[in-house]
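Here the structure of chain A is known, so what remains is to put chain B in place on it, guided by the hints.
Which chain is which? The protein sequence lines are A and B, in order.
Numbering-wise (this note's numbering), the first sequence opens with residue 1 and increments by one.
Numbering-wise (this note's numbering), the second sequence opens with residue 1 and increments by one.
Simulated from the structure, these hints should not be mistaken for laboratory data.
Treat the hints with care, as some may be off.
Just so you know, same-sequence chains aren't split out, so a pair can sit in one copy or run between any two.
[To be verified] Okay, derived cross-link-like pairs now, DSBU-like style, lysine-lysine, Cα gap no bigger than 35 Å in a straight line:
(1) Lys232 - Lys103
(2) Lys103 - Lys303
(3) Lys103 - Lys42
(4) Lys232 - Lys42
(5) Lys232 - Lys303
(6) Lys42 - Lys303
Only a predicted model underlies this, so the values are computations on that prediction, with no experimental measurement involved.
The chain contents come next:
Number of protein chains: 2
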Amino acid sequence: MVYNFNPGPAVVPPVVLREAAENLVDFRGQGLSIVEMSHRGKAYEGVHQEAIDGCLRLYGLGAEFTVLLLQGGASLQFAMVPMNLLPADRSADYISTGQWSRKAIEEVEILGRRCRVAGSSEGENFTFIPSQDQLTLDPEAEYLHLTTNNTIYGTQYQTLPRSDGVPIVADMSSDLLSRPLPWGQIGLAYAGAQKNAGIAGLTVVIARRELLERGGAGTGVPTVMRYSTHVKTNSLYNTPPVFAVYLFSLVLRWIEAEGGLEGMARRNAHKASLMYQAIDQSGGFYQGHARPDSRSAMNLTFKLVNRALEGLFCAQAEAAGLIGLKGYRSVGGVRASLYNAMDEEGCRVLAQFMGDFASRHG
Amino acid sequence: MVYNFNPGPAVVPPVVLREAAENLVDFRGQGLSIVEMSHRGKAYEGVHQEAIDGCLRLYGLGAEFTVLLLQGGASLQFAMVPMNLLPADRSADYISTGQWSRKAIEEVEILGRRCRVAGSSEGENFTFIPSQDQLTLDPEAEYLHLTTNNTIYGTQYQTLPRSDGVPIVADMSSDLLSRPLPWGQIGLAYAGAQKNAGIAGLTVVIARRELLERGGAGTGVPTVMRYSTHVKTNSLYNTPPVFAVYLFSLVLRWIEAEGGLEGMARRNAHKASLMYQAIDQSGGFYQGHARPDSRSAMNLTFKLVNRALEGLFCAQAEAAGLIGLKGYRSVGGVRASLYNAMDEEGCRVLAQFMGDFASRHG
Chain A
1 MVYNFNPGPA
11 VVPPVVLREA
21 AENLVDFRGQ
31 GLSIVEMSHR
41 GKAYEGVHQE
51 AIDGCLRLYG
61 LGAEFTVLLL
71 QGGASLQFAM
81 VPMNLLPADR
91 SADYISTGQW
101 SRKAIEEVEI
111 LGRRCRVAGS
121 SEGENFTFIP
131 SQDQLTLDPE
141 AEYLHLTTNN
151 TIYGTQYQTL
161 PRSDGVPIVA
171 DMSSDLLSRP
181 LPWGQIGLAY
191 AGAQKNAGIA
201 GLTVVIARRE
211 LLERGGAGTG
221 VPTVMRYSTH
231 VKTNSLYNTP
241 PVFAVYLFSL
251 VLRWIEAEGG
261 LEGMARRNAH
271 KASLMYQAID
281 QSGGFYQGHA
291 RPDSRSAMNL
301 TFKLVNRALE
311 GLFCAQAEAA
321 GLIGLKGYRS
331 VGGVRASLYN
341 AMDEEGCRVL
351 AQFMGDFASR
361 HG
Chain B
1 MVYNFNPGPA
11 VVPPVVLREA
21 AENLVDFRGQ
31 GLSIVEMSHR
41 GKAYEGVHQE
51 AIDGCLRLYG
61 LGAEFTVLLL
71 QGGASLQFAM
81 VPMNLLPADR
91 SADYISTGQW
101 SRKAIEEVEI
111 LGRRCRVAGS
121 SEGENFTFIP
131 SQDQLTLDPE
141 AEYLHLTTNN
151 TIYGTQYQTL
161 PRSDGVPIVA
171 DMSSDLLSRP
181 LPWGQIGLAY
191 AGAQKNAGIA
201 GLTVVIARRE
211 LLERGGAGTG
221 VPTVMRYSTH
231 VKTNSLYNTP
241 PVFAVYLFSL
251 VLRWIEAEGG
261 LEGMARRNAH
271 KASLMYQAID
281 QSGGFYQGHA
291 RPDSRSAMNL
301 TFKLVNRALE
311 GLFCAQAEAA
321 GLIGLKGYRS
331 VGGVRASLYN
341 AMDEEGCRVL
351 AQFMGDFASR
361 HG
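Looking at chain A on its own, in the form it has when it is part of the complex (with noise of 0.2 Å):
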């Protein structure tokens, strides 16, 4: 029995890998694979419309948004959002909460486009999420630019700040359908499919078709980087990466039978409470990277007060079947990824095993 920790590709339910491989060779009785038929066929396109109805319907959204399903992972995002969204003579807001963050400023400088800084933790390596007052948001933004979950360092938005007007655009790479959300400010919400969403490969692109109707991208984008391609041709401008849509549309049924968004938010609330409890109730042996107020329910992050002994702490992680563990390289220490798929049951032993650790070194 293996628990994984994995921060991305991570862990999926069981259920749907159950589901995937069994239909692997024959989907669904009809004789061939789901990746070896046509994505203008039947089958495929009842997959297709059924992940985007899915995601639209989880979150609660209606004909004003549109989900489109792309390939190339946020990286690729970094820089569609700026062709497409980003006129030439206009700026950009962005809030700095991690690498991840910072590599979206990067590529809107990379594209000559302008942007502000409108508001940074990383003076303080990024162990927190500004603040309202922190801010200093341009109401001439076109728009606003925010990781909601900050899977190196541990952080996530408790709510998203108030953008007065200007459209948020967020990075949902390691939250997406974690929780439900308010869409109100929301214009376009992105995210690789490998954390929450089911496997590596598919990027999933949640939008205000108004917002990407406006044709920011004006000339020079090539055609399979416009938005505008995605939307008239419902994500089959090309072909799509066919099972990762698949297991997509099986982890949407996963979180509905589950209870939808408010099940999974409850879920992760209590087996975030469960993990954070092991670091603050470990008398300074455990020490949280995350500041309290900005604690991620999706990445827990955190050092050995003897930082000699970390080395030690995942090697008989693993040995008990707890993996993917270890902490990424620019902050160190041990990290757990809490995400959807991972159940309470995951937690109680790596709390379990975080109190015996501690008593035999403390």
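Just chain B now, with coordinates in the frame of chain A:
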């Protein structure tokens, strides 16, 4: 029993699908799936490197070549090629042999770069591949772009044109790994994996390191769209499409076990000869779209002399388990895709069906 003639996504070797299905829940006894593992961990890195090395080995390529494992399909390569390889003050030659060649040319124009059409079969509905003396090549061209196999029209270069020192950039989306190739003139080749090399979501680029390191990209090209980014990181700049890479590695093993590219070429030539005989010996009942000197071993395209019978042909074929035969809308008629994983038996059954259908309706 189904015989799958889909143009892409297309048939995958059954042994590959079975192995992938077995490993989808528990990868080689590790207690978790390959899709749940870090792309920076040993297990996935082994798969990733096996795919890269296997591809180079099958083509007999040395260290002057590199293989990149990307996303976005040929559609993204249409933009990445000029963005990376075509400086603003230079020009490239493009040969137009079908819809995909045309799209590649359009993307150069969208980017505001310069290209010339060095040869075209558009005037004759793309029924042939221009011969050497039908090309007007620019000896100063930065590269010569061509589409080795034209999925929609069923034409294929039998040999590559002489480019006199200009590197060839080849879209091999529909005949990658189907035959050995002389790489002396080729600078870069790209292909989506979903026809001959596994499943949708992976784009394979095989290129001369020297060409990618020239740095034609200049400024303004997003990080993730620079070939140099992926060369430096061995295609691990961001999360790769893990499952599609795994499938690719299994397909490469299968090709190796089946006699490598020489084995594939023999197998494909034999299948194609069976199928073209079915056309040529039909007494005109079936009429091939491609000129005999340009016939593809990958996609067989033909019409029925009595076009009113084509719907019946496809319906009866499907009832007999022969699926995916409807021609592309711009050509009409019938198309049978005969990629590597289609076996001789499927071709025999289709040839037999064609003969029987012609007897009944001829």
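We went through each hint and held it up to the structure:
1. Lys232 - Lys103: both (29 Å within a copy, 17 Å between copies)
2. Lys103 - Lys303: Result: close within a single copy only, 25 Å intra versus 53 Å inter.
3. Lys103 - Lys42: between (39 Å within a copy, 26 Å between copies)
4. Lys232 - Lys42: Close inside one copy (19 Å), not across copies (41 Å); limit 35 Å.
5. Lys232 - Lys303: This pair counts as between: shortest inter-copy Cα distance 31 Å, intra-copy 48 Å.
6. Lys42 - Lys303: between (51 Å within a copy, 24 Å between copies)
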